[in-house]
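In the order they appear, the protein sequences are chains U and Z. So the first sequence is numbered by this note's numbering: it starts at 1 and just counts up by one. So the second sequence is numbered by this note's numbering: it starts at 271 and just counts up by one.
Treat the hints with caution; some may be incorrect.
[Said to hold, decoys possible] Residues of chain Z placed beyond 10 Å of chain U at every Cβ, according to the derived structure:
#1 322
#2 334
#3 354
#4 379
#5 397
#6 428
#7 473
#8 477
[Unchecked claim] Per label pair, the in silico range of CB-to-CB distance:
#9 U:21 / Z:447: 19 to 29 Å
#10 U:13 / Z:273: 15 to 25 Å
#11 Z:312 / U:40: 38 to 48 Å
#12 U:26 / Z:377: 33 to 43 Å
#13 Z:479 / U:54: 21 to 31 Å
#14 U:197 / Z:408: 52 to 62 Å
#15 Z:450 / U:40: 42 to 52 Å
#16 U:59 / Z:408: 21 to 31 Å
#17 Z:367 / U:40: 46 to 56 Å
#18 U:169 / Z:479: 32 to 42 Å
#19 U:67 / Z:290: 57 to 67 Å
#20 U:204 / Z:479: 50 to 60 Å
#21 U:170 / Z:479: 49 to 59 Å
#22 Z:479 / U:75: 51 to 61 Å
[What the hints assert, rightly or not] Which bits of chain Z does chain U cover? Going by a derived footprint, with three or more residues having C-beta under 8 Å, they are:
#23 275 to 282
#24 399 to 408
#25 450 to 457
These are computed hints drawn from the structure, not numbers from a lab. Don't be surprised by glycine CBs; every beta carbon is placed ideally from N, CA and C.
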Amino acid sequence: MHMVESDQIIWTFAIATAILFLFAIFFIIFSQIYTQRQQRFLQEKSAIESTLKAQYSEEILKSQIEIQNTILQQVSQDLHDNIGQTLSVAKIITNILEEMDHAPPVRQHLHQLSDILSKSIADLRGLTRSLDGDFVRDFGLDVSLSDELSRLNKTGRFEARLYLIGDQYSLGYDREIVLFRIAQEILNNAIKHSAASEIFAQVEYGADTFKMSIHDNGKGFIFNPESGILSSGAGLRNIQRRAALIGGSIFIDTAPGKGTRIKIVLPHSP
Amino acid sequence: MEAYFIIYISILSAGIACAIYRWSKLSQASRLAALLLIFTLISESTAQILYMFSIRNYWVYHIFIPAQFFLITGAFNVELQNKLLRWAQYGFAVISLSLSITSEGYQKFPSHQHSISSFFVILWSLLFLKALLQQAEEYSFKQYPLFWIASGWLLFTTLTFLNFGIFSSLIKVDNETFQHVVRNIRIGSNYFLYTCYIIALLTPQRELKR
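Could you put together the complete structure from these sequences and hints?
Structure representation (C-alpha cells):
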C-alpha cells in the first residue's frame, strides 16, 4: 500500500510537471503562430494602404493636372478672344491711319506702333498656344515644344534649340500633355533661376524608351543624388510626381557652374 | 483562517477592485468575468464561514459550479457567438441540478459537475484561442481579456481535472505528503487563474471581430 501511495505522489508530480511543460510549449507555439499571422496581416495591410495611397495621390495629381489644363485653356481662350481681338482692332486702325497723309514724324511713329502691335499679336498667339492644351493634342509634343523654344528665342535673351532623334511616334495625349507641362516647368525654372544663355531640348524616340531632356548652360545648383529629389525643392518634386504619374523616371545632372540637365525617361511599348 | 485563504480572498478582492475601477471600459465578456469574481468571493467566503462553524459546505459548490459555468460560458459566448455555448449555458444548469439531487446529493463535493464543467471550459478556451489565431490582426493577443481568462482556465482545469474532479475518488490516499502535493497544485493553479482574471481586466479590452 505504501508503494502505491509513493507511486501516486510521483505520478501526481510528474503529471503536474508535464501539464505545465506542455502548457509552456503550447503558448510558445501559439505566440509564434499568432506573431507570424499578425506580421502577414500587417504586411498585407501595409501593401493595401500603400496601393490605396498611391492611387489616391495619382487621382489627386490627375485632378490637379486636369484643373490646371482647364484653367490654362480658359486663360488662353480669354487672352485670344479679348486682348487678341482688341490688339487686332488696334492694328487695323493703325493700318488705316498709316494709309492717310501724315507728317513724316507721325508716319514714323505710326509705323513703330504698327510693328509693336504686330509683335504683341504674335507674342500673344504664341502665349495662347503655350497655355492651350489643345495645341498639344492637335500638333503633338514636338511641335508644341518647338513652339515653346521659339518663344524663348524671340526674347533674344536665350538661344534655344530642339533636337529630335528617332522616328516620331505618339505617346498619347495624356502622356504628352504631362510631358509638355513638365518641359514648361523646367524651362520656366531655367529662365528664372539659371541665368543661362543656351537652352537645348532633346527628344529621343527609342524602340523601348522615350527620353526627353532639357539642358541649360546656367549656374546649376547643388544636388545630392543620394538624398534624391525628395529632399529637393517643391518644383523638382512636382516634376517627379508628374513623371511618375505617366510611369516615367527623372534624372538630374547638375553642379554649381556646370549647368543643369534634366532627363525624363518613359518606357515605350510599340 | 489559513494563509492560503487570505491570499485567495485578497486576489479575488483585487480583481473586483480592478473591475469596479475600470467598469466603464470593460468589454461585455470582462464584465461577466467580473461578476464571476464577485460570485466566487461570496461563495468561497460562505463556504469558509460554514467550515469554520463545522457545518458542511458542499451545497455551496452545488450552486457555485453551475453558476460559474453559466457566467464563464456566457463570457466566451459573447466573443464566439456560438449556439452550442448558448445551449450549454442552460443545459449544464439543468444537468448539474439533476446530478445534485439524484446521484450525489448535497452531502458530497460535486465532482461530476466539476469534471463536465472543466471539460467544456477547456473546449471553450481552445475554441477561443483558435478563433483568436484565425483573426490575428495588428493588436497583440495579450490585449484580448479572454486570452488571459482562457489561459487561466486551461491551466487551472487541466491541473485540477484529476484531483478535484471525477477521479478524486480514485486517488484518495491518506498519505499526508500526497494530500499536501495535491492541495498545493490546486492552490497554485487557483492563484494563477484569478491572477489571469486581474490581468484580463487591466488589458485594453480588445474583442474578436464578429
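message: Please verify the coverage claim for the segment 275 to 282 of chain Z: does it have three or more residues whose C-beta sits within 8 Å of some C-beta in chain U?
response: Violated, because only 0 residues of the segment 275 to 282 of chain Z bring their Cβ atoms closer than 8 Å to Cβ atoms of chain U.
- prompt: At the C-beta level, are residue 13 of chain U and residue 273 of chain Z separated by a distance inside 15 to 25 Å?
  reply: holds (23 Å)
field: Satisfaction of the hinted span 51 to 61 Å by the C-beta atoms belonging to residue 479 of chain Z and residue 75 of chain U
entry: holds (53 Å)
- request: With a C-beta cutoff of 8 Å, work out whether three or more residues of the segment 450 to 457 of chain Z approach chain U closely enough for the coverage to hold.
  value: Our answer is that it holds, as 3 residues pass the Cβ test (under 8 Å) against chain U, meeting three.
- prompt: So the hint says 46 to 56 Å: do the beta-carbon atoms of residue 367 of chain Z and residue 40 of chain U match that?
  reply: Holds, since residue 367 of chain Z and residue 40 of chain U (Cβ atoms, about 47 Å apart) stay within the stated range.
query: Are all beta-carbon distances from residue 322 of chain Z to chain U longer than 10 Å?
result: Holds, since 29 Å exceeds 10 Å.
task: Determine whether the Cβ-Cβ distance between residue 450 of chain Z and residue 40 of chain U falls within the hinted range of 42 to 52 Å.
output: holds (48 Å)
- prompt: Can the suggested window of 52 to 62 Å be confirmed for the beta-carbon pair residue 197 of chain U and residue 408 of chain Z?
  reply: For residue 408 of chain Z against residue 197 of chain U, whose Cβ atoms are near 58 Å apart, the range 52 to 62 Å holds.
query: Given a hinted range of 49 to 59 Å, is it respected by the beta-carbon distance of residue 170 of chain U and residue 479 of chain Z?
result: Given a distance of about 51 Å, which is inside 49 to 59 Å, the answer is holds.
message: According to the definition I'm using, a residue is off the interface if its beta carbon is farther than 10 Å from all beta carbons of the partner; does residue 477 of chain Z meet that for chain U?
response: About 16 Å separates residue 477 of chain Z from the closest Cβ of chain U, which puts it past 10 Å; holds.
task: Quick one: see if chain U covers the segment 399 to 408 of chain Z, three-plus residues with Cβ-Cβ under 8 Å.
output: holds (count 6)
message: Taking 38 to 48 Å as the stated bounds, is the beta-carbon spacing between residue 312 of chain Z and residue 40 of chain U within them?
response: Once the Cβ atoms are compared, 46 Å apart, the range 38 to 48 Å for residue 40 of chain U and residue 312 of chain Z holds.
Checked against the numbered hints given earlier, the structure breaks hints 6, 18, 23 and satisfies all the rest.
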